[in-house]
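Chemist: Let chain A serve as the given structure and place chains B, C and D with the ligands on it in line with the hints.
Read top to bottom, the protein sequences are chains A, B, C and D. Using the numbering used here, you'd call the opening residue of the first sequence number 1 and step up by one each time. Using the numbering used here, you'd call the opening residue of the second sequence number 1 and step up by one each time. Using the numbering used here, you'd call the opening residue of the third sequence number 1 and step up by one each time. Using the numbering used here, you'd call the opening residue of the fourth sequence number 1 and step up by one each time.
Worth flagging that the hints you see were computed from the coordinates, not collected in a lab. Please note that a few of the clues may not be correct.
[Said to hold, decoys possible] In silico DSS-like links for lysine-lysine, alpha-carbon gap of 25 Å or less: (1) A:K53 to D:K193; (2) D:K22 to A:K288; (3) D:K74 to A:K104; (4) B:K100 to C:K325; (5) B:K231 to D:K325; (6) A:K26 to D:K325; (7) A:K235 to D:K48; (8) B:K288 to C:K27; (9) D:K23 to A:K288; (10) B:K100 to C:K107; (11) C:K27 to B:K231; (12) D:K272 to A:K48; (13) D:K201 to A:K347; (14) C:K325 to D:K272; (15) D:K106 to A:K27; (16) B:K134 to B:K104; (17) A:K9 to D:K298; (18) B:K4 to B:K15; (19) A:K4 to A:K111; (20) C:K310 to B:K27; (21) C:K225 to B:K100; (22) C:K107 to B:K235; (23) B:K15 to C:K106; (24) C:K158 to B:K288; (25) C:K23 to C:K107; (26) C:K310 to C:K158; (27) C:K107 to B:K15; (28) A:K100 to D:K23; (29) B:K27 to C:K74; (30) B:K53 to C:K225; (31) D:K272 to D:K225; (32) D:K310 to A:K288; (33) A:K15 to D:K298; (34) A:K288 to D:K27; (35) B:K235 to C:K48.
[Said to hold, decoys possible] A few chain A positions that, by computed beta-carbon distances, are all more than 10 Å from chain C: (36) E3; (37) S141; (38) T225; (39) H240; (40) E344.
The model shown is predicted, which means the values in this text are computed figures rather than measured ones. Even for Gly, the Cβ is constructed at its ideal location relative to N, Cα and C.
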Amino acid sequence: MTEKRQTPKLDELTKGPWPSFVTEMKKVQDNPMVNDLLGQLERSYNEKIGHWKHGGIVGVMGYGGGVIGRYNDLPDDFPECNEFHTIRVNQPAGWFYDSKTIRKICDIWEKRGSGLTNFHGSTGDMVLLGTRTKELEPLFSDLTSIDFDLGGSGSDVRTPSCCNGKARCEWACYDTMKICHEVTMHFQDELHRPAFPYKWKFKFSGCANDCVASIARSDCAVIGTWKDEIKIDQKALQEHYVNGGGVDIARDVVNRCPSRCMSWDGTKLEIANEDCVKCMHCINVLHKALRPGDERGAAILIGGKAPIIGGALLAFTLIPFIDIENSLEDIYEVVEEIWDLWGEYGKNRERIGEFIQRIGLGNFLEQVGLEPAPEMISHPRTNPYIFFELDGEE
Amino acid sequence: MTEKRQTPKLDELTKGPWPSFVTEMKKVQDNPMVNDLLGQLERSYNEKIGHWKHGGIVGVMGYGGGVIGRYNDLPDDFPECNEFHTIRVNQPAGWFYDSKTIRKICDIWEKRGSGLTNFHGSTGDMVLLGTRTKELEPLFSDLTSIDFDLGGSGSDVRTPSCCNGKARCEWACYDTMKICHEVTMHFQDELHRPAFPYKWKFKFSGCANDCVASIARSDCAVIGTWKDEIKIDQKALQEHYVNGGGVDIARDVVNRCPSRCMSWDGTKLEIANEDCVKCMHCINVLHKALRPGDERGAAILIGGKAPIIGGALLAFTLIPFIDIENSLEDIYEVVEEIWDLWGEYGKNRERIGEFIQRIGLGNFLEQVGLEPAPEMISHPRTNPYIFFELDGEE
Amino acid sequence: MAERRTDIGPPHYENFLPPVIKKNYGKWLDHDIPRPGVLVHTAESGDKVWSVRAATPRLASIVTLRMFADLADKYSDGYMRWTSRNNIEFLLTDESKVDPLIADLKKEGYPVGGTGASITNIVHTQGWVHCHSSASDASGVVKSIMDELFPYFESMDKLPARLRIAFACCLNMCGAVHCSDISVLAVHRHAPKIDHDAMSKVCEIPSTISSCPTGAIRSATVDGKPSVEVIEEQCMYCANCFSVCPAMSLNDPETDGISIWVGGKLSNARSKPMFSKLAIPYLPNNPPRWPEVVNAVKHLVEVYAKHARKFERMGEWIERIGWPKFFDLTGLEFTKYHIDDFTHAGETYNRSAHNKIFNS
Amino acid sequence: MAERRTDIGPPHYENFLPPVIKKNYGKWLDHDIPRPGVLVHTAESGDKVWSVRAATPRLASIVTLRMFADLADKYSDGYMRWTSRNNIEFLLTDESKVDPLIADLKKEGYPVGGTGASITNIVHTQGWVHCHSSASDASGVVKSIMDELFPYFESMDKLPARLRIAFACCLNMCGAVHCSDISVLAVHRHAPKIDHDAMSKVCEIPSTISSCPTGAIRSATVDGKPSVEVIEEQCMYCANCFSVCPAMSLNDPETDGISIWVGGKLSNARSKPMFSKLAIPYLPNNPPRWPEVVNAVKHLVEVYAKHARKFERMGEWIERIGWPKFFDLTGLEFTKYHIDDFTHAGETYNRSAHNKIFNS
Ligand code: SRM
Ligand code: SRM
Ligand code: SRM
Ligand code: SRM
Ligand code: SF4
Ligand code: SF4
Ligand code: SF4
Ligand code: SF4
Ligand code: SF4
Ligand code: SF4
Ligand code: SF4
Ligand code: SF4
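Isolated chain A, as found in the complex:
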């Protein structure tokens, strides 16, 4: 092994109260890949530029996704990390693990790679950071032997993720972990074998708090909601929030309700539920007294994404309410309709959100067989440029 790389700049980052990624790297500096990685990174810190080359097509047999190939542009200076591919491993729903499994993963990764990971990547995968091409197949075999599989990359279904939902949250309006797992299993083929115009992300949040950022970071966001009355325990309200509890019900709750559908006379809280937009705020704040209604389900939102290339999009409401736990087959059907349409007419690198805007939401609905509903929009069109279709009418 080459000698231990000196990293004076990086060493600065081992100081301070926040846990340090440099410390993590140093913990496994014995691994020659990591040693060279440290050297290369110190070089980047000095030169203010990265030293990785663009992509590289590597992978495991039969899969088109799950591995990000990576080579450096300084093979002579840092040969040990010249090949430094990333493996995306599909995490268990809700990111729950036990110690046995964690240790198995560590053992495998000690043998097959750098010993560095991301727990977790932004999409949700367990990311194994840095290995060589020749290790890929053995690594894959080791992983599947402990029941793990790769996640997505490229133009495929990306690894779905979800909030911990019913596992530990009192607000989950549907079983996010169960649905996330089932959807992941159902679309294994689409996840491993890229065949779309571009990536497709699913994310599952149990309520409108959206603890997995589904609305901004997934093409298909499933967000829990309800459609009956918010349940109010007036007694608990008095007990916990009137005179004490640090909440001024009028100012902090009633006045901050976006639909202004609450009223509070000092003793009784009332909600005009038909106007409530289920934003969660009152429940969040008065959690000891208020709960979501009983008729629970989810809204399906479509088209969230980062800016490339037409600008970032938040997902929009496609299906305002569905009893998702009992309608998974319907969802599969809609999703597959959408994929068919997008697969046929979508341009290369065109996310579904951009695709729908290009062809028009009205046309899109018609094609995938959904009825237009005012819940899908914030307001009807303001411009008079209507493509009337007279055939239908006459």
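Modeler: Same frame as chain A, but now just chains B, C and D with the ligands:
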């Protein structure tokens, strides 16, 4: 004269409580042009289609605007209104008249045209509806002899208009009629001789109520505002609005304030003026007790227009506050800067609002020599696509 | 012969100001609306002026104008003014003359009203009376609607706030219907019929092609002559091509008609100005009384009047209750036409989980 | 050798649920946050679970992972989970073990916090550690910021509401910085440097040209070989060309750096989700500690903490006070870069007379 046209369909429209345009036409049916016009219109009512041909270039000597040429497509059936041009006459500011002048206009129009008018056109002109080409020059001479001139049409400054402002409104924050008149006189050349990429409209409203729709219907809207405290007469408030007056101050005023900067404890009304957006609502409702501040002036908004072609635009704030009555020269300068830029780079039929969007408001400001200010926007950019100009920086 | 005068501009407005206005110019203190159609403004000096506002059809004959001049002489020292919405106002200094003036106006057929929380005159355009572009008549539709809504003109207690209606006879929107509480907009629904003979004579073909915002126009040779063709599915009937080229008329008796839009406003009071939004994509042209249109407008007024809160304009009311509820309360059908598909369409999607679906 | 297994998907999550979670799955009643970093959830059954949340740098070595496994064995029956923001959580049934666990975590260097109205872990990306596209390092900037903001991680009484920070090292925004209270986004500011030799070998020229949203790329012949050229003034450094063509790198040590964005949010609580908006167009890359960036972020946190009302997220606060006031309070410069000039730019202009200009 041909015999009186029969108009059974139109006659239906002489019934009912609302004053009837058909009755107006019948009042001057003796004029053969009107007689044929009635016949042609009855035909349109039967056939559900208009019978006017596209445009026609007619006008008075030395002017490029002010007359809309019009010919029908049924010259054999309705020969008397085959030529039926419209004359736009620049109204006096605020649409004030005296009876002498009205009678003079009627006399001229009886002699030179159909005897039909629009008091007024949508832009604000006194519109004389229907005359022949040969009458144009004599008519113009008659009009100027009683001190009237034509208004705009085509790609020029259109006839400016204004609310009655200080003439009869207690809220006028500047003298709309004076400024409107002065601007009209200052830009006579630009008004009569089209030389722009497209039309340019000025409208002047004395306050944010915008009684001449300037924000939606003009390229340059001048809207009165103030920048100090709203004046509150607490005594008048008690007298007129507490217990009686039909206003619930908390519900109807405080709660409807868009910037939520008012408070009312049942006896004293307070306004956090630094947060007030000068929307006028509280003053409108509590007009016996509240008045705009003393430091009055106007905001200049740019770019309002109808949909053709990129979609309708509301004007936006270019200059948030200016002491307009004492700064007219500055305004002329800015406007002329804008015209120069737009004249050079604007496309044919591109209104200033569309032009600014195309070149970017930031670039536009730079070109016309105005500083960017956050008042011009509702929020800063959300997309990261910044055209950095490194030259300036380094 | 006298020298030809040009560029003289309009006469100075001061010539036409009643003495009480001149005296108190810029010194008004307050106003009241003692009855519908009558404003009384009080000046710092204590002077008062009564403004009596009467409806006009805007299209006015010289006979009527002379009659107004006579009334002005009789009641308001010869002065009168028109408003920004084509009503006429007589400015009186003598309160006792108000009632007689109103009576005279009524007798002549020009009723008084349109102040405060009322429906005032409809801003409108030329229609079949004068314009080449119109997909409907203007004055006839306006007259038909106002006959039906007349009670709202004459009163101020039937509506939560003022309700402004505008009409335009084509997408050029000379009536500026893009920001009205209720907008009535005539629409073409058929691609331009091309007059191939006239084309090369009266139009510049390249600028005709480039005028189309959707790129629906292509050059073509017809009967050996240079002309254009239109791809029907790409046409959304804006008529911009017709504006630049007379040989591309969109007028069509079978398919022209009227669309209804709601919830716009111009004032900055409370909410920012708002565009009107599509409520009904199409109703047929049915002259002379356009019953479908009249009924639709009336229905919208009634639903609004019944449900909105005091001081809430149409658009503010709809924003509060939400569009789903609006379609529910009005019983209007929500169709794909309501969903924007123009340049900024994506900005109108409901990009949130906020949603009022409710089953009790 | 065993059959090659594929398409097996992730292991079932039930394998990893602590018994108390399994038992009370879907039957939780309520929660409390007894101290920063500790949640206690109560189930209908009366069962309670204490979740202890510790910071991680996300980039974790197997040494650390094994240490976590040991702690889980010691305190939480071997179970642990990670959160959606890369913190680790230990789920305990025995309250008395909470303090010892926290002490152990602290000793190992993994402090506890990030609950409630705090600043939790920064969502971030690869940076110079692994990505080809990065205009800055990711982990180094994050570490530098969190060291400085550490008091906000460990407390819940310093902020009006939660404040979420995200970091991304290029415009692809893998950190999804488009909706965070404060977003730190590394940016390129130099047009792609073209490797003309590689071009025709590794890139498809037509798709490279069409990848550019502003049409800045044109085909060109360089040294007799087919290649492309970029019109500098039309380039806004999005790097979409680089994504499809490795011969168009944008990395540049002189001009790369960092921009700061504010006022985004993801949750639907109260207001709809919001995008982050530009606050500071550019700060230099200054490794290893990025002092300019750290100070700017800290300053923004402090101004917000001082002025916002309870339960008001950064973006909600700014909406209430208005952007002019935000620039005023923060002392940040407002420049032409802040004014949008992309597709929907016109929708961001202040199309109203609403305006807070105030001189007392
Ligand atoms: C590893 C990861 C960042 C991380 O440090 O966590 C990542 C890394 C890359 N992303 Fe990403 N993205 C990662 C999550 C995201 C997210 C966040 C999310 O999924 O919630 C986003 C924003 C949400 C979205 O999808 O819109 C994201 C938006 C992008 C984009 C822009 C997509 C767009 O439509 O705007 C690209 C560009 C591309 O696809 O060509 C991109 C491309 C890339 C590539 C493959 C670089 C490239 O141009 O080919 C990066 C590889 C880096 C490397 O060498 O390891 N990555 N990427 C994340 C995946 C880990 C995981 O599987 O868990
Ligand atoms: C007469 C009048 C309607 C009326 O009945 O009152 C009118 C009539 C015409 N307008 Fe207009 N416009 C009239 C006020 C308006 C307004 C309202 C305003 O000025 O407040 C608008 C909307 C505001 C705006 O300017 O954006 C308006 C927006 C248009 C447009 C679309 C402009 C756009 O940028 O979207 C056109 C199309 C064009 O310019 O080619 C247009 C074109 C026309 C033409 C010249 C038809 C044409 O395509 O050439 C019409 C002639 C009709 C005729 O035969 O008499 N007219 N036009 C109004 C002028 C009277 C006057 O001078 O007082
Ligand atoms: C006479 C006129 C101005 C002129 O120079 O001609 C005028 C005059 C007054 N307006 Fe206006 N407005 C006039 C057109 C407008 C318009 C323009 C339009 O409708 O096209 C608007 C914008 C309407 C919109 O938002 O769509 C307008 C929005 C207002 C408002 C704001 C209402 C709101 O709450 O949104 C007020 C304030 C109020 O009434 O409380 C107002 C208030 C007033 C006051 C009370 C001002 C005053 O103290 O003198 C005047 C009597 C109002 C009334 O009729 O009850 N005026 N006013 C116009 C009469 C038109 C007519 O004949 O009916
Ligand atoms: C553990 C986690 C979900 C998971 O499955 O991993 C989680 C868990 C909880 N969230 Fe969350 N949220 C988690 C990420 C999020 C995110 C996503 C993100 O930040 O990327 C959001 C959206 C943030 C945003 O809007 O930008 C999020 C927005 C909320 C909100 C809404 C806050 C608001 O007012 O805007 C609540 C409600 C509350 O706290 O009052 C909430 C409430 C909660 C509760 C109280 C739910 C419950 O009853 O169990 C949990 C403890 C909150 C706490 O930490 O104080 N959680 N929560 C995530 C912890 C991340 C971390 O390590 O810090
Ligand atoms: S999204 Fe809702 S259900 Fe899921 S963890 Fe967050 S608060 Fe709980
Ligand atoms: S959930 Fe939101 S919208 Fe519904 S009542 Fe509570 S605060 Fe209001
Ligand atoms: S715009 Fe303002 S100043 Fe002018 S008339 Fe209307 S209310 Fe009065
Ligand atoms: S003018 Fe408008 S914003 Fe200002 S205090 Fe009155 S209601 Fe509020
Ligand atoms: S709206 Fe259209 S049809 Fe009506 S007058 Fe204006 S241009 Fe002519
Ligand atoms: S009407 Fe409009 S969309 Fe149709 S062809 Fe003409 S310009 Fe194009
Ligand atoms: S944000 Fe850009 S540089 Fe950072 S990991 Fe993602 S693709 Fe790479
Ligand atoms: S960085 Fe973006 S804007 Fe610049 S050339 Fe490449 S694709 Fe075009």
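Chemist: Now look at each hint and say whether the structure bears it out.
Modeler: Evaluation of the provided hints:
{"no.": "1", "hint": "A:K53 to D:K193", "in the structure": "14 Å, holds"}
{"no.": "2", "hint": "D:K22 to A:K288", "in the structure": "23 Å, holds"}
{"no.": "3", "hint": "D:K74 to A:K104", "in the structure": "18 Å, holds"}
{"no.": "4", "hint": "B:K100 to C:K325", "in the structure": "54 Å, violated"}
{"no.": "5", "hint": "B:K231 to D:K325", "in the structure": "23 Å, holds"}
{"no.": "6", "hint": "A:K26 to D:K325", "in the structure": "46 Å, violated"}
{"no.": "7", "hint": "A:K235 to D:K48", "in the structure": "22 Å, holds"}
{"no.": "8", "hint": "B:K288 to C:K27", "in the structure": "15 Å, holds"}
{"no.": "9", "hint": "D:K23 to A:K288", "in the structure": "22 Å, holds"}
{"no.": "10", "hint": "B:K100 to C:K107", "in the structure": "23 Å, holds"}
{"no.": "11", "hint": "C:K27 to B:K231", "in the structure": "16 Å, holds"}
{"no.": "12", "hint": "D:K272 to A:K48", "in the structure": "38 Å, violated"}
{"no.": "13", "hint": "D:K201 to A:K347", "in the structure": "24 Å, holds"}
{"no.": "14", "hint": "C:K325 to D:K272", "in the structure": "19 Å, holds"}
{"no.": "15", "hint": "D:K106 to A:K27", "in the structure": "17 Å, holds"}
{"no.": "16", "hint": "B:K134 to B:K104", "in the structure": "21 Å, holds"}
{"no.": "17", "hint": "A:K9 to D:K298", "in the structure": "23 Å, holds"}
{"no.": "18", "hint": "B:K4 to B:K15", "in the structure": "20 Å, holds"}
{"no.": "19", "hint": "A:K4 to A:K111", "in the structure": "20 Å, holds"}
{"no.": "20", "hint": "C:K310 to B:K27", "in the structure": "42 Å, violated"}
{"no.": "21", "hint": "C:K225 to B:K100", "in the structure": "58 Å, violated"}
{"no.": "22", "hint": "C:K107 to B:K235", "in the structure": "44 Å, violated"}
{"no.": "23", "hint": "B:K15 to C:K106", "in the structure": "15 Å, holds"}
{"no.": "24", "hint": "C:K158 to B:K288", "in the structure": "23 Å, holds"}
{"no.": "25", "hint": "C:K23 to C:K107", "in the structure": "33 Å, violated"}
{"no.": "26", "hint": "C:K310 to C:K158", "in the structure": "11 Å, holds"}
{"no.": "27", "hint": "C:K107 to B:K15", "in the structure": "15 Å, holds"}
{"no.": "28", "hint": "A:K100 to D:K23", "in the structure": "21 Å, holds"}
{"no.": "29", "hint": "B:K27 to C:K74", "in the structure": "22 Å, holds"}
{"no.": "30", "hint": "B:K53 to C:K225", "in the structure": "23 Å, holds"}
{"no.": "31", "hint": "D:K272 to D:K225", "in the structure": "52 Å, violated"}
{"no.": "32", "hint": "D:K310 to A:K288", "in the structure": "19 Å, holds"}
{"no.": "33", "hint": "A:K15 to D:K298", "in the structure": "19 Å, holds"}
{"no.": "34", "hint": "A:K288 to D:K27", "in the structure": "15 Å, holds"}
{"no.": "35", "hint": "B:K235 to C:K48", "in the structure": "22 Å, holds"}
{"no.": "36", "hint": "E3", "in the structure": "55 Å, holds"}
{"no.": "37", "hint": "S141", "in the structure": "42 Å, holds"}
{"no.": "38", "hint": "T225", "in the structure": "6 Å, violated"}
{"no.": "39", "hint": "H240", "in the structure": "27 Å, holds"}
{"no.": "40", "hint": "E344", "in the structure": "18 Å, holds"}
Checked against the numbered hints given earlier, the structure breaks hints 4, 6, 12, 20, 21, 22, 25, 31 and 38 and satisfies all the rest.
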